[in-house]
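Taken in order, these protein sequences are the chains called R and E. Read left to right, the first sequence gives residues 6 to 331 (the working numbering). Read left to right, the second sequence gives residues 1319 to 1721 (the working numbering).
Simulated from the structure, these hints should not be mistaken for lab results. Hints are not guaranteed to be accurate.
Listed below are several chain E residues computed to face chain R (Cβ distance under 7 Å; list not exhaustive) [what the hints assert, rightly or not]:
| no. | residue |
| --- | --- |
| 1 | Asp1374 |
| 2 | Gly1438 |
| 3 | Asn1441 |
Pairs of lysine-lysine residues, derived as DSS-like cross-links and limited to a Cα-Cα distance of at most 25 Å, are as follows [claimed, not checked]:
| no. | chain 1 | residue 1 | chain 2 | residue 2 |
| --- | --- | --- | --- | --- |
| 4 | E | Lys1716 | E | Lys1328 |
| 5 | E | Lys1644 | E | Lys1561 |
| 6 | E | Lys1716 | E | Lys1321 |
| 7 | E | Lys1638 | E | Lys1561 |
| 8 | R | Lys166 | E | Lys1613 |
| 9 | R | Lys317 | E | Lys1644 |
Here are some of the chain E residues that sit facing chain R, going by a computed Cβ distance under 7 Å [to be verified]:
| no. | residue |
| --- | --- |
| 10 | Val1436 |
| 11 | Ser1457 |
| 12 | Gly1676 |
Note that beta-carbon positions come from the ideal geometry of N, C-alpha and C, so glycine has one too.
For reference, the chains in residue letters:
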Amino acid sequence: MSKEDNKVKDASQMTWHQITTEKSDRRDAIKKLTAGLIAGVGLASTSCSVFSDDQEKEISQLTWDEFFKKNYKIMSDEERIQTVQRLEALYEKKTGNTINMSHQGPIEDVLFGYAFNISKCQGYMDCVNACIEENNQDRNSEMQYIRIHQIEKGHGFNFEKADDNYTNQVPAENHFYIGTQCFHCENPPCVNVCPTEATWKEKDGIVVVDYDWCIGCRYCLASCPYDGRRFNWSQPHVPEDEVNKNQHYLGNRMRKKGVMEKCTFCIQRSRNGNNPACVEACPTGARKFGNLLDPKSEIRWILENKKVFRLKEDLGTEPKFWYYMD
Amino acid sequence: MMKVFVHFVKDSLDEVTKGSKVYHIWMATLTLIMLIGAFCYYIQVDQGMVVTGMSDNVGWGLYISNFTFLVGIAAAAVMLVLPTYIFKDIDFTQAVLIGEGLAVAALLMCLAFVVVDVGGPANLWHVIPIIGIMNFPNSMLAWDIIVLNGYLFINITVPLYILINVYQNKKPNKNVYLPGVFISVFWAVSIHMVTAFLYQGLQARPFWNTALLGPRFLASAFAAGPALIILVLTIINKYTLFKIASKTIDKIAIIVTVAAQINLIMLISELFKEFYFPTHHSISAQYLFFGLEGKTALVPWIWTAIILNVIATAMLTFHKVRNNKKYLLFACAILFIGIWIEKGFGLIVPGFIPGQWGEIVEYTPTFIEIGVTLGIWAMGAFIFTVLAKAGIAVEVGKLRYKA
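In isolation and in its complexed conformation, chain E is listed as follows (with noise of 0.2 Å):
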């Protein structure tokens, strides 16, 4: 076994080094962000975080937003998992690993985006139990670490157990690979629920102290991925072997139109209560939606994501449109960057926005945060290609085990 996964190793290692001209012009690009973004970490390691836009009045900042909306990335690859092994929708079977393949990236950039926003990265060892002290089960961020990395356990060993017997021509034994894939599903609503009771379980802070945001999360988070996944499925559809029957992005397509609309919903209804008679609570989302005292810096990109994520979803609704490859794909990235924002920074940043005692101080990151952001997710996009690279090959038989 352990002479199959060496050899497994090494001719996925072969198989991502070699490529086509695009291909290495790609991970050179990525490559290239990624050493930008690791020197702007560097001075921030250095100098300390004040080189980052954030404050004793806005505690987290890109940081957290990109990390909150990643989970839901991660999360979202149950919609693929689902259908394929429980419900054995054969036209969800070849989808089903690159989903998997983006959660395991999307959980790295998770990790890095958590690691990248605490002050002494040298003591995280703190947190590991045993060698230091996890506040469990009082602390939701002790809760977050055991999900996250337990999520990220399953979905690195259900595809590599799949992926290594397929490698052999052998069939994968379904006895041992389904309970993985049971675990997995209730695991990826945890993964964001949690998330969610991050903020949610903060009575100091009205605007994410609210019974919809683990809800919501989900929702979003159900639209936003597969939306992902389909714009990935298109891109590996044209540059390799690897072949999506387009009838397995029709139905991905239904998953993230349901989702969008409930998430409008959910919308909806938070925005009612907000604003129909406006509370002592309801400032936050003033500042966001309207701005206040003058300070609008959020005003724009709130709208912006609602505007996206309406179209996005008037388009997905109608049948005609959806069914429209090229429709479809507009749709689905502005659905992705609506709810980016939305969920990202206009969720983080407003829980901090009116401070503890009225002051209205504002965030904006600065060069530095925004570099390392995208050094992370050039290293998720990074991980994402080798990860499908070596896959995909496998699945159309290129890589087999030769003994």
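Isolated chain R, as found in the complex (with noise of 0.2 Å):
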């Protein structure tokens, strides 16, 4: 910390060139720079301000030091220790209530897989509620990750003829469910097309995205062959008693207007060994996740003994999420 405050005093009396070429912390030096251009504006603004007390000041602190922070992917343990406990205490300033966010990383041998039971599901879209609540979708736009469609019996799987926004009661009748949301593809086209490396694929096989380093270009949702991904058009909103406290730096915590997000397999609650909520609120059994890497877990039981397939297999995106029929 020493170190910190002794380079900072000795910013004035660098040289343009002993800044670039300080490699290891080429972000501080910008900061340093955009810093002393507009100290003086920032300076007269919050000292001058009436309203101006300690809780602003520090909410401004924080809110700066997290502008300037780095992509998640190649942070060091120690900073993603430090952008984790910015965003509690920032929540804690704003809302007066604390948050729990974890920045737990992929256990080792584990690598995620989810399949699919479309004799079993049923169309009752309880995964959908468990989802929007355990991941703090925003309320206002009804944001969903995932998708169920009810399909007439008859054509097969035709999409084309599906509903996705049924109303009626169901299971209808003539009806069968099929549902989708990320896949969490082996190589995943979305991953390719960011231009900033703001989303990627971790150890364990989740497919995530650093919702404070997306610049919203909305490139991976159109190289999506799956409708796996979801703009922020708005600023999101959750009402405070309905926020879900457990978070995950690169999960459910809460976003912001212009960014991606996505289904994450509740990385909150699958990297503590627990199911995803879709999985847990499923009332027929039709949801079943876990590790491939275990060759005793229920997932890959059912990837030896039924008939799975995946959807548009001929796109080479390798989903890792089957489905099956009893």
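Put the two chains together into one complex, using the hints given.
See below:
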């Protein structure tokens, strides 16, 4: 910490060359330069404002540090702890409530996979509702990661004939149901196209987004063959008493407008050994989740004993989301 | 050298702030439209992109459509650069500067359209290498950022070098600017191919996932770009001291004609593939040309575009019609509009319709989006006017360095 202080003090005496060649801390350098440029304005506005108090100053300091942080993907453990602490502090200062944000990394020898039993799904949509609550999805735009398609029997898997917004009583006669969400592809096109590497595949196979690094260009949305991505077209809103306070940096923490988000297999749950909310909520047992690398897991049993298939396999995306029937 | 440059900037500023009444009205109108656009953009930043017509279904709209079209306009400068500097065709010498100015204006509009399209403009520094992370070479958007900025750099430095020399009554040194010119020729092709690859590489969107997209982009660009240059040169001929020989315009018209013909052939090839035996992958084309399930938002637009393209190409093909200035200007104007529709939202929007699971959600731009778009077009016109006015003043000998 004292080293940091010295650096800040010395910044004024540094030359441009020194600053730019200091490889380890380039971002820090930009921060200092920018700070120098707008320090006057910033100081004037905070010190002159009658409303400003310590609380507000702390919030603006934390927000400032958050703005100039790195991509989570390349952060050290220490830096990850720091950003999580800042986000927790910011939430508390803004709302008075505490949240618990995890930065837990992938567990060794774990690769998550998902299987969906088409014979069992009855279209109750409990999974959709559980997902919204668990993942703090925007209530205003009614964002949903999961789509349940109601398809009339006799046409096969004809998604064009499906009703994705059905309001009829379920299960409807002569219909079957199939759910889609992010398939966490082994070969995800969305990760390839992102210009800033704000989205990537973790070691346990979960495709995640750093909401703070995303610039909101929506190239990933264009590249996804499965409609797996959702954009925050406006400031997302969740009533304070409905906020799930158990969060993960790469999972269900609060998002902001103008960034991408998606299903993370409930990273905040799955990395603790729990099932995603949709699996737990499903009343029919149509949803199965587990570790593909564990030969004794249920998901492995399904893959080895059921006739499983995946959607749009010809695109070479290798989804880790299989369908099967009884 | 620095002193000369400062003088050059000062003299140029002097030049662009003075002008006839028509000039001032023109610039004031553009400024007004830019201000309206800025206000619309303010609303968009404040409320979020929910004020646009885009959605999770149609993720790109008017902004990216205009971006795509304008990359073509920028690339088209090469059609003047190539004959002037490399084939030493003196008929193009005067026009080339205008072409380069147009490229600069078009590129700045492209960058502006990308900036207004992102949800977090404050985070754009994340894409800058060293301070951020650029996903190179995986992301075609990273390639596009590099080639567009590189092309902008070339198109600013080469004309600037030549103009500053003329400004001092010196002959520009060929060894200095010719390498830049050579690079710019290849670079122009690359900016448009890379932009096509941006869409072409997406296996999720069969409508774009075609090998013809890149070549077709080039053909339509080399039709629409020089068509615009003909219109601009005619206006410059009328309102300034700068006189473009009619021979120059005739030669550019031939470029427009050939490119428009190739573009039409490619269109026919595309239509044949989509409709001779329609597959699941033809469904977006079906939506575009005929509508799906009663949803027909783009149908009148695309047929307008095709009719304009066909009429313009037919007119240009006949020498007698093309050589008549009035008909030529008309043909260029409708060709420009036709390609703007076809390559703008006629290309981008159907890529998203129907959605990945077959749902048909249409897209209509909002007034905010249209306001921002007009603002950026006004900005482009403003930039071009400033560049052209200063450039012409140097070329006609009005602006000279007084040591």
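Taking the hints in turn, this is what the structure says about them:
| no. | hint | in the structure |
| --- | --- | --- |
| 1 | Asp1374 | 6 Å, holds |
| 2 | Gly1438 | 4 Å, holds |
| 3 | Asn1441 | 5 Å, holds |
| 4 | E:Lys1716 <-> E:Lys1328 | 14 Å, holds |
| 5 | E:Lys1644 <-> E:Lys1561 | 18 Å, holds |
| 6 | E:Lys1716 <-> E:Lys1321 | 19 Å, holds |
| 7 | E:Lys1638 <-> E:Lys1561 | 24 Å, holds |
| 8 | R:Lys166 <-> E:Lys1613 | 16 Å, holds |
| 9 | R:Lys317 <-> E:Lys1644 | 53 Å, violated |
| 10 | Val1436 | 5 Å, holds |
| 11 | Ser1457 | 5 Å, holds |
| 12 | Gly1676 | 3 Å, holds |
In the structure shown, a violation is registered for the earlier hint numbered 9 alone.
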